[in-house]
Structure formats: structure tokens, C-alpha cells
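Generate coordinates for the entire structure from the input sequences, incorporating the hints supplied.
Protein chains: 2
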Amino acid sequence: MIRFALHGGAGVIERANLSSENEVQFRSEMARICADAVVKLQQGASALDVVEASICQLENFALFNAGHGAVLNANAEVEMDAAIMDGRNRACGAIAAAKTPKNPITLARAVMEQTEHVLIVGAGADQLAAKLGVAQAELSYFVTEFRAEQQRLAAKLGKVTLDHDSIFNAPVLTSGLADPRDKKGTVGAVARDAHGNLAAGTSTGGMTNKMPGRTGDTAIIGAGTWADNQTLAASATGHGEYFIRNAVCFDIHAQMLYGGQSIEAASAATFARVGKMGGTGGVIAIDHSGLIHMPFNSEGMYRAWFDGQQMQVAIYQNDLL
Amino acid sequence: MIRFALHGGAGVIERANLSSENEVQFRSEMARICADAVVKLQQGASALDVVEASICQLENFALFNAGHGAVLNANAEVEMDAAIMDGRNRACGAIAAAKTPKNPITLARAVMEQTEHVLIVGAGADQLAAKLGVAQAELSYFVTEFRAEQQRLAAKLGKVTLDHDSIFNAPVLTSGLADPRDKKGTVGAVARDAHGNLAAGTSTGGMTNKMPGRTGDTAIIGAGTWADNQTLAASATGHGEYFIRNAVCFDIHAQMLYGGQSIEAASAATFARVGKMGGTGGVIAIDHSGLIHMPFNSEGMYRAWFDGQQMQVAIYQNDLL
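From first to last, the protein sequence lines stand for chains A and B. Numbered per the numbering used here, the first sequence finishes at 321, counting up by one with no gaps. Numbered per the numbering used here, the second sequence finishes at 321, counting up by one with no gaps.
Treat the hints with care, as some may be off.
Pairs count within a copy or across copies, as identical chains cannot be separated in the list.
[Stated by the list, open to error] In silico DSSO-like pairs for lysine-lysine, Cα to Cα no more than 27 Å straight-line: (1) 159 to 131; (2) 102 to 131; (3) 156 to 99; (4) 276 to 99; (5) 102 to 40.
It should be emphasised that the hints constitute simulated quantities derived from the structure, not laboratory data.
Spelled out as C-alpha cells, the structure:
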């Protein structure tokens, strides 16, 4: 009964704005990472280990907005957020606004397992990485030419690209470059292992040209990440402020636990509320029975999953039609 | 139908460890701040304004662990967290690990009202305060001799006083000094104004000798603070990591909204789960109908409230017997 799903962010993803070359890159990378996760789960790996390992791979892939290839803030620096949670006991760890962990999700797991804490933010997170021997990297490791150009343009225009701003359709950014806008690229994974245990994790660079210290839902347990064997494992992506105000992942959990709702009905109600406020994004989730559900109210969401029978990869809403 | 409640933290508060002089100080200060809030609400002030104003006063009172008198981290610096939320529309703002805002709750409100964001952490929060003209102060403003001594002792013993550690019963700390242990002192307020609107806020210095960057539930919307006119306004205090893992304030909200539970039944279920994991603390809450409920599973919680008829102040479990 193993299950797995990953995402690479949700947003305004239109076929017209994604070159076929880049589309192939995204799809093949998601397929490779998903297949690797499935093999590990089949070999008996824990949901938690597989979530961490697959998010490390997503962080290492330059085109997603996490780890290597994270977006740059207003100071042209990376500030990365990540969280991980174990559905067996609600153990969890998170970091926010960290500048040095090569794999932010690994530092989040270290917070969970090697400290008494849940969340470490700012310079303290970088100091903790050094103290615990979690791999760190210089700014140059994280920055890609695409992200540097994206930030320069946003800064020039005085924009914090919180929304899926059309400035990122500018030819300078789309010519030969993937991910023409800012909000696609947060990564996440959810898994159910052979023992029926659930785990979830999420990692992001946040918003292009963001205010230093701005933290979205990714680092917030209950908003961007949640796992409880009783209900579901979930990882969110989207306009983080709306996801915090609606405690999105926990809200789905609570409707299942307290309202007896299915994962589909619960997610629909949560996204109706988020959408009414003006928020867009998506969630990948696996419920306690192994059902995979991946709702989103944006135009697209990079995603791949294994439903116990077959593996699939998708980007657009109607991808599978 | 105005209502108001405040807290000054929950923890191991035993009559034997609190001098009668300090007890008088705590009680009179809470009474003064509560009375001031009630007058403002009677004069038509909004729940949001009253929550902010009363938390500023709690922060300014040296004996509580927030603002002036906040505890010191392992670097003997203050790192303060705060959050505020408006029950009308779930608007919210929060800061974590900030070193300079004179009144952290005011900076949290500025995040809510003057930025597009919800949470700003670390050095970015201090930079934002400067940018927005929110009052800042030097370290010397925040540090009291009691807190400096408390941190020196904790550091000497290599303790991060996450728990209500008995080292803080040491004579050096109790002789003539209030607040002998570390975890009492987070402050919070909830209000219901004449229009029936709810608001909540929380502010803290966190744990004595804490790891730099450690963030507890106070800054986490849904964990330490929540307000929604449909259900309740709530502010938590206690062992923050357990409160995050149980999304305490949102969990009570969700049981009311999705499970049709009363605030008492919902709180009891939430605290049963927190307690089973080993967490202690409390919540002050006002539900949509104006009912005040202030559960805690620790020995005491500094609190004051106005139930529409009379104002009361309490510290111990059996305070009113």
C-alpha cells in the first residue's frame, strides 16, 4: 500500500509560456525523482526518509524554487524555508529565512531530530547547520543566472512578485528560460510507506525580490505542511499568506477528523475559502487509506505521483485529458 | 456584549515560590491593564485596538516575559515573537526573533496592515521596524537584572529552560525576585468589542538561554494565536513546541466549526492531546457568543478578565475558591 506524490509548485502555468524543451526537463526530472521514491518505498524505506530524499532531489534541480535555484530576495540573497513532519507522532521540524543549508529540508529534519525545537529562523538556522554539521553552501551555489535576472528585473520595476505577475512574461525572461514567473517552484513531497505511516515535507525560496525575513506558509506547521496518520499527509504551494490565514493543511485534516469529511470534500471546502479571499495554489495529499488527492485552484501545478498501480506526471489542469 | 481577557503566561506557579509582594505587583498590574481595556471597549474601541494596546502594556511591565523584561537567549540577547489577528477577516501579522521593536505586538500589527505579508522573521523584522518607523530600542531597554541573572545561571548550568526547570527555584533567583522560572510570562489578550468583532494577540521573549532563532508557538498563526468571528479569539501560552504540533488555537476553532463542539469541550480535547504528549500551558479565549474560557493544564496561569458583569484576576488553579 505504498503511495507517493511530489509537487514543484503551483501557479499560472500556461502551455504558451513553457518551451517544449523546458517542459521535457520538468517532466523527466519529476518522473525520475518519483520513480526513485517509489523504488525506495518498495524496498522498505520509511515515509519520512523518502520525503526527505525526494525533496533533496527537488531542491538540487535548478529549475524549481528551492535550494539550488531558489529565488532571490530584495538584497539579492537567498532566504529559504522548509518543514518536515512525521505522521506517526506529529514530530516536526522547520527552518525559515536560512541562507546557507545546501538542502534546507535536511536542516528541518535535523531541527526535528537533534533539537528540542520545532522552528529555527534567520541567522540562528545557519548557525545551527554549522553546529550540527548539516551541509552548507555559499550564495553562489544557490544562485542561477535565471534567478539573478528575475530579481534584477523585479527590483528595477519595484515589484515584489507575490502574485503571478505578468512582468515575468517579458521576453528577457522567457527566451530560453524556464519558469517565467515567480510563484511556481516551491517543492514538496508526501509518502505512505509499507507500514502505513505518513510523512510530508515542503521547501521553498519564497518570493522573488521579497522583503528580507518574509516567511510564507512553507515553514508553518499546519499551513504549508502537515502529517498525521489518523488523517493525511499534505504539502502546500501557493500564495503563502492566504495559506497561513487559512491554516490550509491543518484545515483539511480537521474537517476529516472532526467533521468526518472525505479528503476531497475537505479540500474543496478549504480551497473555496482560500479562493474567496483571493489566494491561489495547491496541495498534494495522501490520506490514511492511501488515496491521493492533489487539488489546486491555479492554472497548473507541477506534480508526479504513484497511486499503487502506476506513476504519472502532470503540469496543467487538463494534463491527463 | 463587550468581553476581555488577558494572560501573563502559564507554568509552575506555586504560592510558596511567589512572594506576597510580587503577587501584589502581578495582580495589580493585570487589574489595571484589564480595567483600562474594558473602559476602552465601553467607549467603543475596536477589539483589535484594545488587544494591541493591552499587550503593549503587558510588554512594558518588567515582570512578564515580553518586550521590556523579555528573557535572554544563549547569546544574552533578546529575540522576541509576537502575533495579532483580526476575527473579522482573518487578517493577521506576526514577527519572530526580532531584537529591537520596543513593542513587538505593534510591529506585528504593522506587518498585518502595512505589508502584504503575514510573518517577518529575524533581522528582516528589525529592518522593517526601522523602515516603517515602528519604535525600536537598544538591548539595554529590554534587559532587566533578573533576566540577565536568570540567563547567566541557565548558561552556567548548560540548560535551555524549555521546561519549568527547578533550577529556577535557586535562592539566587527567588530571593526578592518575581517569576522564579522561565516559562511564565508570555503575554496575550483577546477581546470582543461592541460590534461583536473578535481579536487576539500574543507576545513573548521565548525561553531563557534558548538557541538563537528558536521560535515557539507565539508567532505561529493557528498555534499560539487565532481569531475568527465564526468561532473564537484565542491566545496561548506554554511549551511552544507542543502547541505548534497540535496547532492548539486552530484545533479548538476547528472542533467548534466542523464538529459543532462547545468551546469547553473543544478545549478539553485539545489539552488532552497536548498533555498526553507531555506539553503544558494554557489558552485564554472568547467565543463568538461572548463566553470566556481559560483552560490550562499547568499549575497556574496569570490571567484577568471581564465577563460583561465583573472583572476578575487570578493566578492559581484554585484562585477563586
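Outcome of the hint check:
Proximity of residue 159 to residue 131 under the C-alpha cut-off of 27 Å is restricted to the inter-copy arrangement: shortest distance 17 Å between copies versus 36 Å within a copy. For the homomeric pair residue 102 and residue 131, the shortest alpha-carbon distance inside one copy (14 Å) is at most 27 Å, but the shortest distance between copies (31 Å) is not. Proximity of residue 156 and residue 99 under a CA criterion of 27 Å is satisfied intra-copy only: 23 Å inside one chain copy versus 30 Å between copies. In this assembly of identical chains, the alpha carbons of residue 276 and residue 99 never lie at most 27 Å apart, being 34 Å within a copy and 36 Å across copies at closest.
Taking the shortest alpha-carbon separations for residue 102 and residue 40, only the intra-copy value of 22 Å comes in at or below 27 Å, while the best inter-copy value is 51 Å.
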